[in-house]
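Visitor: The residues making up each chain are set out below.
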Amino acid sequence: MGKKLLLQNDNVPGIDTYEVYRQHGGYTSVEKAFKMTSDEVVEEVKKSGLRGRGGAGFPTGMKWSFLAKPEGVPRYLVCNADESEPGTFKDRYLMQRHPHLLIEGMIAASYALGANTAYIYIRGEYFYIVNILEKAIEEAYTAGWLGDNIQGSGYSLNMYVHPGAGAYICGEETALLESLEGKRGNPRIKPPFPAVKGLYACPTVVNNVETIAAVVPILNMGGDEYAKIGIGKSTGTKLISASGHIKKPGVYEIELGLPVEEFIYSEEYCGGILNDKKLKAVVPGGSSVPILPAELSLKTPTGEPRLMSYESLSEGGFVSGSMLGSGGFIVMDETTSIVRNLHTFNRFYHHESCGQCSPCREGTGWMEKITHKILDGHGTLADIDLLWDIQRKIEGNTICPLGDAAAWPVAAAIRHFREEFEEYVSNPSSIVDVKHYYNIHNLVEA
Amino acid sequence: MAKVTIDGIEIEVPDGTSILQAARMIGPTVAPPAMCFYTNLPSSGGYCRTCMVEVTKGSEKDPRPMPKLVASCRTQVMDGMVVGNRTSEKAVDARKGVVEFLLLNHPLDCPICDQAGECHLQDLSYENGSAKTRTDFERRTFDKIDIGDKIQLHMNRCILCYRCVKVADQLTPERVHGVMNRGDHSEISTYITKAVDNEFSGNMIDVCPVGALTDKTFRFKSRVWFTKPVTAHRDCDKCCGKVVLWYKGEDVLRVTGRKDQWGEVEEFICNTCRFDKKRTSDWVVEGPTNLSRHSVISANHYEKLVVPNELTLNDIKPLNP
Numbered sequence: 000m001g002k003k004l005l006l007q008n009d010n011v012p013g014i015d016t017y018e019v020y021r022q023h024g025g026y027t028s029v030e031k032a033f034k035m036t037s038d039e040v041v042e043e044v045k046k047s048g049l050r051g052r053g054g055a056g057f058p059t060g061m062k063w064s065f066l067a068k069p070e071g072v073p074r075y076l077v078c079n080a081d082e083s084e085p086g087t088f089k090d091r092y093l094m095q096r097h098p099h100l101l102i103e104g105m106i107a108a109s110y111a112l113g114a115n116t117a118y119i120y121i122r123g124e125y126f127y128i129v130n131i132l133e134k135a136i137e138e139a140y141t142a143g144w145l146g147d148n149i150q151g152s153g154y155s156l157n158m159y160v161h162p163g164a165g166a167y168i169c170g171e172e173t174a175l176l177e178s179l180e181g182k183r184g185n186p187r188i189k190p191p192f193p194a195v196k197g198l199y200a201c202p203t204v205v206n207n208v209e210t211i212a213a214v215v216p217i218l219n220m221g222g223d224e225y226a227k228i229g230i231g232k233s234t235g236t237k238l239i240s241a242s243g244h245i246k247k248p249g250v251y252e253i254e255l256g257l258p259v260e261e262f263i264y265s266e267e268y269c270g271g272i273l274n275d276k277k278l279k280a281v282v283p284g285g286s287s288v289p290i291l292p293a294e295l296s297l298k299t300p301t302g303e304p305r306l307m308s309y310e311s312l313s314e315g316g317f318v319s320g321s322m323l324g325s326g327g328f329i330v331m332d333e334t335t336s337i338v339r340n341l342h343t344f345n346r347f348y349h350h351e352s353c354g355q356c357s358p359c360r361e362g363t364g365w366m367e368k369i370t371h372k373i374l375d376g377h378g379t380l381a382d383i384d385l386l387w388d389i390q391r392k393i394e395g396n397t398i399c400p401l402g403d404a405a406a407w408p409v410a411a412a413i414r415h416f417r418e419e420f421e422e423y424v425s426n427p428s429s430i431v432d433v434k435h436y437y438n439i440h441n442l443v444e445a
Numbered sequence: 000m001a002k003v004t005i006d007g008i009e010i011e012v013p014d015g016t017s018i019l020q021a022a023r024m025i026g027p028t029v030a031p032p033a034m035c036f037y038t039n040l041p042s043s044g045g046y047c048r049t050c051m052v053e054v055t056k057g058s059e060k061d062p063r064p065m066p067k068l069v070a071s072c073r074t075q076v077m078d079g080m081v082v083g084n085r086t087s088e089k090a091v092d093a094r095k096g097v098v099e100f101l102l103l104n105h106p107l108d109c110p111i112c113d114q115a116g117e118c119h120l121q122d123l124s125y126e127n128g129s130a131k132t133r134t135d136f137e138r139r140t141f142d143k144i145d146i147g148d149k150i151q152l153h154m155n156r157c158i159l160c161y162r163c164v165k166v167a168d169q170l171t172p173e174r175v176h177g178v179m180n181r182g183d184h185s186e187i188s189t190y191i192t193k194a195v196d197n198e199f200s201g202n203m204i205d206v207c208p209v210g211a212l213t214d215k216t217f218r219f220k221s222r223v224w225f226t227k228p229v230t231a232h233r234d235c236d237k238c239c240g241k242v243v244l245w246y247k248g249e250d251v252l253r254v255t256g257r258k259d260q261w262g263e264v265e266e267f268i269c270n271t272c273r274f275d276k277k278r279t280s281d282w283v284v285e286g287p288t289n290l291s292r293h294s295v296i297s298a299n300h301y302e303k304l305v306v307p308n309e310l311t312l313n314d315i316k317p318l319n320p
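As you go down the protein sequences, you meet chains C and Z in turn.
Numbering that gives the first Met the number 0 numbers the first residue of the first sequence as 0 and each following residue consecutively.
Numbering that gives the first Met the number 0 numbers the first residue of the second sequence as 0 and each following residue consecutively.
A hint or two may mislead.
[Unchecked claim] Derived lysine-lysine pairs resembling DSBU-like cross-links, with alpha carbons at most 30 Å apart:
no.	chain 1	residue 1	chain 2	residue 2
1	Z	K241	Z	K277
2	Z	K247	C	K196
3	Z	K2	Z	K56
4	C	K372	Z	K95
5	Z	K60	C	K196
6	C	K298	C	K2
7	C	K189	Z	K89
8	C	K189	Z	K60
9	C	K196	Z	K56
10	Z	K227	Z	K215
11	Z	K149	C	K182
12	Z	K258	Z	K149
13	Z	K215	Z	K276
14	C	K68	Z	K60
15	C	K196	C	K247
16	Z	K95	C	K189
17	Z	K277	C	K372
By construction, these hints were calculated from the structure, which means they are not laboratory data.
Construct all of the structure, not just a fragment, from the sequences and the given hints.
Guide: What follows is the structure, encoded as structure tokens:
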């Protein structure tokens, strides 16, 4: 049984209410934090080695220490709850069942940063969670954990929940800030980074829900103690949203460093492949990270067992590795069509591209049209090379990481499953998907 | 002051200068093309990605190269920076890709487009694009929209450079002109079709690098290379009154702001000057506009007028018998 830090009280009934949460040791981290100076709290988080749980894995303590602190300018903490990555649903689970954990983390983090206003920017589709959070915030205000002079410490904090309007791009931190300011959610051109000029041109830290929640166990157990959990530079526990062809999909808290094989096949976690079929591929960190074929997802290129950690999953670079990303673990069995799956991803990124910079705006749509053409049985071998060339020209050339996120799945799918694409274009009538197309359009098979 | 080397040419520029501006100071041979950056419009730039360059040395203090290509219009120079533009294979390749992306949904209706001949996208494609297209998909289309009674928006041709949005942002306190929808369905729009009612709205036409925003008083009157530009001015109580008149025969077909070497308007002009003053008698003519020799407009046997020295009686020689 792996160690649980965030979901340890998951089975306690009524943990989403203040009384029960407080009885189970809630808000002790804030009490602890108030006994320290804000710099000591930041130091504690630095020691813990906590890395951002939203996808990029940037060290949180480092991010906090970059925050500019000019005199007379307010600072903000913004919680990024705009969880829209296909395959990721851990933040929803956390906020829905443990709203007070997030609020507690927000108070501790705001205190560390010296922010007197904190925002939770939540995905528009999670409207029902807005109510849960607002109820919890109200309880926290009543109990004196929010508002002026919290628990007599002299520190004041106000917290607001702000629902988005359903755009994936608003999960990018600068687009999120634009949207929070009431503008169109377009990513800003960096620099300046939010740590210098963020919300309302003031220094701002944007953190993922899980990152902020992880501050609570870090303060409770101490940074050094937290750093002992996990493996190497991947410290602590991570929520994984497991989905796809597995027996037990759901949100699991794992200790970083768990072997991928154990995660997929053990009864404690996913419980094996659905209907005991063979594993074909794994997308280990949400739709934007490169897909890995079965052998590479269980073993690294050097033959070591692949572990669920930032380093192990990215071993081999993008040629034979992937990323831990946001922890959206999608498992595909042998019946899955990689081409169709890629088309789904392409359609998503085409739909969600904000349209600011040309490579992403035009390229995502182009890639979608090409995969659609291949699925329809009209593809040519040249189309595969074209697809490769397009992704190469999008990657790294855009304002925000959405361009990269759209390009990586394409690159990885072609790199690892080129034969399947070739089968689609050279022998379309043998493909089930294509047969279906021919049937519904009353076409004679070629 | 910062020393920066672009394509092997060194120049010293004030701190805070962008790479693009530094390259422009050296000259047109090293200056990257820019489709969305506009000197006179703060916060413009960064969108089109045509001006991307490779930074092979970050600065004297931190000589590491930058991991990605950077948008030169929005990146400031550092002392000791080494930049590759046309000498960088990566930058040239990426730019070729960007041209392809920009043309992907462009209708290529140059034969019937008023902008042809002074279109930045045409220049960009000739210089950096490839001769053949790799797409045979249907292009996205929009309906034409009137923005006020003098400007027409032809969204099919738009490359979403946001320049007109920046103009509108500066002109009007209310957000009446902006971008709607997302991704490749994005559309320049005014929320209510005729809402842009401002004395300087005509400048959107001048800043538009393609034929998306056109002057309705000039539409289909003439190909631009059949007109002759003449620099002129008038006393205007709203703007600087410094313009270029575009003649065909005796008629002034259109009035625009004066553009510099980089195709950017030097000073914005008002709608009265632009749309209502179309007689020679309204203006004080300064002389023919000096155009680049390479411009297609110059191809119309049009050269700068050489004003002869004043004649004196002594200059007149009697005819030979």
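Visitor: Is K372 (chain C) close enough to K95 (chain Z), meaning Cα to Cα at most 30 Å?
Guide: holds, 24 Å
Visitor: For a C-alpha distance cap of 30 Å, please report whether K68 (chain C) and K60 (chain Z) respect it.
Guide: It holds: about 25 Å lies between the C-alpha atoms, which stays within 30 Å.
Visitor: Mind checking the alpha carbons of K215 (chain Z) and K276 (chain Z) for me, to see if they're no more than 30 Å apart?
Guide: Holds: K215 (chain Z) and K276 (chain Z) sit about 15 Å apart, inside 30 Å.
Visitor: Between the alpha carbons of K298 (chain C) and K2 (chain C), is the straight-line distance 30 Å or under?
Guide: The hint holds at about 24 Å.
Visitor: Starting from K95 (chain Z), check that the Cα of K189 (chain C) is at most 30 Å away, please.
Guide: holds, 24 Å
Visitor: Would the hint linking K277 (chain Z) and K372 (chain C) be met if the CA-CA limit is 30 Å?
Guide: violated, 53 Å
Visitor: K258 (chain Z) and K149 (chain Z): Cα distance at most 30 Å?
Guide: Holds: K258 (chain Z) and K149 (chain Z) sit about 21 Å apart, inside 30 Å.
Visitor: Would the pair K189 (chain C) and K89 (chain Z) pass a check requiring their Cα atoms to be no farther apart than 30 Å?
Guide: Between K189 (chain C) and K89 (chain Z) the Cα gap is close to 21 Å, so the pair holds against 30 Å.
Visitor: Between K227 (chain Z) and K215 (chain Z), does the CA-CA distance stay at or below 30 Å?
Guide: holds, 19 Å
Visitor: Sort out whether K247 (chain C) lies within 30 Å of K196 (chain C), counting only the CA atoms.
Guide: violated, 44 Å
Visitor: Can the restraint linking K149 (chain Z) and K182 (chain C) be considered satisfied, given a maximum Cα separation of 30 Å?
Guide: Holds - the C-alpha atoms of K182 (chain C) and K149 (chain Z) are around 29 Å apart, at most 30 Å.
Visitor: Can you confirm whether the C-alpha distance between K60 (chain Z) and K196 (chain C) stays at or below 30 Å?
Guide: The given pair, whose Cα atoms are some 24 Å apart, holds under the 30 Å limit.
In summary, the structure is inconsistent with hints 2, 15, 17 from the numbered list given earlier, while agreeing with the others.
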